[in-house]
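Colleague: Sequences listed follow chains D and X, in order. Under the working numbering, the residue at position 86 of the first sequence is numbered 86, and the numbers go up by one with no gaps. Under the working numbering, the residue at position 41 of the second sequence is numbered 41, and the numbers go up by one with no gaps.
Do not rely on the hints blindly, as some may be mistaken.
[Said to hold, decoys possible] Result set (SDA-like, lysine to any residue): computed pairs, CA atoms no more than 25 Å apart in a straight line:
(1) D:Lys33 / X:Ala196
(2) X:Lys381 / X:Ala63
(3) D:Lys37 / X:Ser256
(4) D:Lys37 / X:Leu134
(5) X:Lys271 / X:Val142
Hints are computed from structural coordinates only; laboratory data are not their basis.
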Amino acid sequence: MKGQRVAAIVIRDQDNVGTATRDIKAGEKIEVKAGGKVKAIVAKEDIRFLHKFALTDIARGERVFKYGATIGEATKPISEGEHVHVHNLRSLWGRGST
Amino acid sequence: MQLKGYRRADGRIGFRNHVLILPTVACSNGAVQRICHSVPEAIMLPVDSGCGLLREDREVFAATLVNLAGNPNVAATLVVGLGCEAVTPEQAAAEIERFGKPVKYLGMHSSGGYAKTVEKGIELARQLVQEAALVKPEPALVSDLVIGLNCGASDPASGITANTALGAAVDRIVDQGGSAIIGETTECVGAETEMAKNAANEEVGKKILDVVHRFEHHVKMYGADLSTGEPNQGNMEAGLTTLEEKSLGCIRKIGSRPITEVVEYGQIPTKKGPILMDSPSYDAPSVTGIVAGGCQIVAFTTGLGTPFGISVSPVIKVSSNTPAYERMKDSVDINAGTILDGEESIDEVGERIYQMILEVANGRRTKAEDLVENQCQIWRKTLVL
């Protein structure tokens, strides 16, 4: 992989979102390394540089993990390969439940 | 790599052997600069205060000033002041003496004025430089390292590249018994629960929450709110969704080991390991505080690039992306943008930062040292009277 721009990175094994390290096109197959394994994920939509996408299906109300920590909860069901942002993820900060 | 450092009377190890010329008030910055000009082996720290302070700020100013001179990179100190400021040169010198290092002082009012102070100061500084040269380096350990952590001019890549890689380097140091001090309480807002969860014990966890909430409350007194509008529009467009995500990205610098202690601004930790210091996110006061806390080296991540430096402790700059590195190559030491470029893993960059920390401890000069950048500002929380 050296010298070849990777599409995405996952910071911690327990994360359920990855971060795009370049613009990703809808339908593109992304290989991500998580927990020592390589997983192939098909992007459901365009994912812009530094934006997040689901590594697995995430249920509504389920916690979203990045950096091995909760960054909020899913406000609707998110399927693998889908863009994760303000439209389907909300902060739990200040709600006394983080 | 075998480390070598300078053992000080209080047991701490310095990785530089500086003679520091320290003003006690902005009124003596000029005289201090003139002394330094004639004694180029010495360093100085400019201050922007020292007078017109309310009690709370006066106490923080005094303690931070003294602890800056106490930093183990400092072999000896010449304190230069006016004579009527909040902390007089005599008072500061008496406190600095407790570290067991040589200290001299001069006040303009009692030394026959400005020119005489400069003249006497040059003589005293030269004496201290000669004395300091007699301190010989001896073998040191990674456990003697205290690394200061800061970020400035960040971007949304900082969290996933530079800060996470720096955290990996910090884990290596902490696992060998060393320490790291992270400041910037402002940037902990949103991540405080996670930080508290990862504290060494319940008491430290509670202190983390207290310090963060105290900061938020303080800001609210001025009608501002640290969480409203965060992440900001630019952050959101760049892919950051929640306040937690933004803040977690900032605090990745501290690594993954439990925080062992929370200290007030400018204070010296009593524990080893990852330490949180209550400080603002503005670079100059934040880094000044952690240098007073005793860090011998500062690791500084940046998304856009900054020339930031402080004379007492070498600053290692780590960029979060390659364009910033290319743009600010004269100020940035390490490029973590290689993680985005697919050239290195987070861990590989972490190892590179760790190795550079060891090299800098052994005398390698950083870009900030070459630029002779020197920003120092002691945090003021209240008013200037």
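Colleague: Going through the earlier hints one by one, which of them does the structure break, listed in rising order?
Modeller: Those not satisfied are hints 1, 4.
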